[in-house]
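Trainee: Listed here are the chains, written in short residue letters.
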Amino acid sequence: MFGRNTLFWQGARRGFISSLPFYIVMVPFGTLFGLLATEAGLNVLQVMGFSFAVLAGAAQITAVTLMEENAPTVIILATSLAVNLRMGMYSAALVPLIGKAKLWQRVLASYWIFDQSYAVTALEHNKNPNLTLDERLGVFFGVAIPVSSLWYLGTYLGAVVGNQIPVELGLEFAVPVTFLALVAPLLRSIPHLLAALTSVVFTLLFADFPFSSGLLVAGVMALAVGYLSEVWIEHRLSKEGV
Amino acid sequence: MIHSDLYVWMIIAGLSLGSFAIRFSFLGFIGDRQLPKPLERALGYTSVAILPGIAMPMVLSSSTGEIEPIRLIAACLTLLVGAWTRSLLYSLLAGILSYSILMAVF
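Going line by line, the protein sequences match chains U and B.
When we follow this note's numbering, the leftmost residue of the first sequence carries the number -2, and every step to the right adds one.
When we follow this note's numbering, the leftmost residue of the second sequence carries the number 13, and every step to the right adds one.
Any given hint could be a false lead.
[Unchecked claim] Mimicking BS3-like on lysine-lysine, the simulated pairs with C-alpha atoms at most 27 angstroms apart in a straight line are:
| hint | chain 1 | residue 1 | chain 2 | residue 2 |
| --- | --- | --- | --- | --- |
| 1 | U | Lys124 | U | Lys97 |
| 2 | B | Lys49 | U | Lys97 |
| 3 | U | Lys236 | B | Lys49 |
| 4 | U | Lys99 | U | Lys124 |
[What the hints assert, rightly or not] On the chain U side, residues computed to face chain B include the following (Cβ under 10 angstroms):
| hint | residue |
| --- | --- |
| 5 | Arg10 |
| 6 | Ala89 |
| 7 | Leu91 |
| 8 | Leu147 |
| 9 | Leu212 |
[Claimed, not checked] Restraint ranges, calculated between C-beta atoms of paired labels, are given here:
| hint | chain 1 | residue 1 | chain 2 | residue 2 | range |
| --- | --- | --- | --- | --- | --- |
| 10 | U | Glu237 | B | Ser74 | 42 to 50 angstroms |
| 11 | B | Val117 | U | Lys99 | 48 to 56 angstroms |
| 12 | B | Leu101 | U | Val157 | 27 to 35 angstroms |
| 13 | B | Arg98 | U | Phe208 | 52 to 60 angstroms |
Derived by calculation from the structure, the hints in this document are not laboratory data.
Just so you know, even glycine gets a beta-carbon here, dropped at the ideal spot from N, CA and C.
Turn these sequences into a full structure, and let the hints steer you where they fit.
Mentor: This is the structure in structure tokens:
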């Protein structure tokens, strides 16, 4: 599967190209983490250990913010892992897409599951439902490996160069825009629109839920709304005999 | 603030093991076994069920504590252009450019 012109590499090229827009935010976002971690008292090795071993921006920032407040280990682990629970949903959603891959491939893929790697793979699958397993794996790793490399690089810059870089510059808006751009191409069907709306409304309503669980509760509700409206529309169409 | 090496490395080890367990959970243990059809179809909505919920609170919050209309407009343009073109790139460009232009003008 790793030969030059195999389906895997065609998929990887597709994933690589689709994820190029993220490159503008990954380095500054990584730099922001590197800075925060250094301010919290971590040395360069520890900062890099974080990014290589954990590979999850929001959870890493949560952890070092709590470390700066000298929170107990258990609280830091629970709070940061809760932020990462959405990766469990990505893991489940990847089963129909790459679940048939070999175990070692799934182990590697699991390490690299994050918002962009899952969402681009799902988006490419949505646009081309006929992609083969090798192409889908290619897309996934074609996004995951380059994007994560930029995250490591950004982290390193933040830890070494320190606060000479104006990282906050526009980043607080660039990050949510990349997330919106990942879902916007999907918003062409009523079930997708309703699911997205459910996600936004209930995440805002559940903002005070402990351990950032509001996002997940709203997310599960949105899955149900998407599925049920899809079934309902299908039912209506079949009754009308279209 | 200087932390003990043990404290830092324990947190890194705990977080990485925990994160891997979460990520490996379904993909690793279910693998090629068939998920129940309704669940599989529901999981097809995972992107739209999670990412807007992360993004919109960030769009709506700001350092001043008030909603910035410019951010809201730029977010709407991101969604409209993305839905229209089905392109991640154009969607992102619409968001970033409209935000930069509106910030420069107002």
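Trainee: Next, verify each hint and record whether it holds.
Mentor: Hints versus structure:
no., hint, in the structure
1, Lys124(U) - Lys97(U), "holds, 20 angstroms"
2, Lys49(B) - Lys97(U), "holds, 16 angstroms"
3, Lys236(U) - Lys49(B), "holds, 22 angstroms"
4, Lys99(U) - Lys124(U), "holds, 25 angstroms"
5, Arg10, "violated, 15 angstroms"
6, Ala89, "holds, 4 angstroms"
7, Leu91, "holds, 5 angstroms"
8, Leu147, "violated, 16 angstroms"
9, Leu212, "holds, 5 angstroms"
10, Glu237(U) - Ser74(B): 42 to 50 angstroms, "holds, 47 angstroms"
11, Val117(B) - Lys99(U): 48 to 56 angstroms, "holds, 54 angstroms"
12, Leu101(B) - Val157(U): 27 to 35 angstroms, "holds, 31 angstroms"
13, Arg98(B) - Phe208(U): 52 to 60 angstroms, "violated, 36 angstroms"
Violated hints, in rising order: 5, 8, 13; the structure is consistent with all others.
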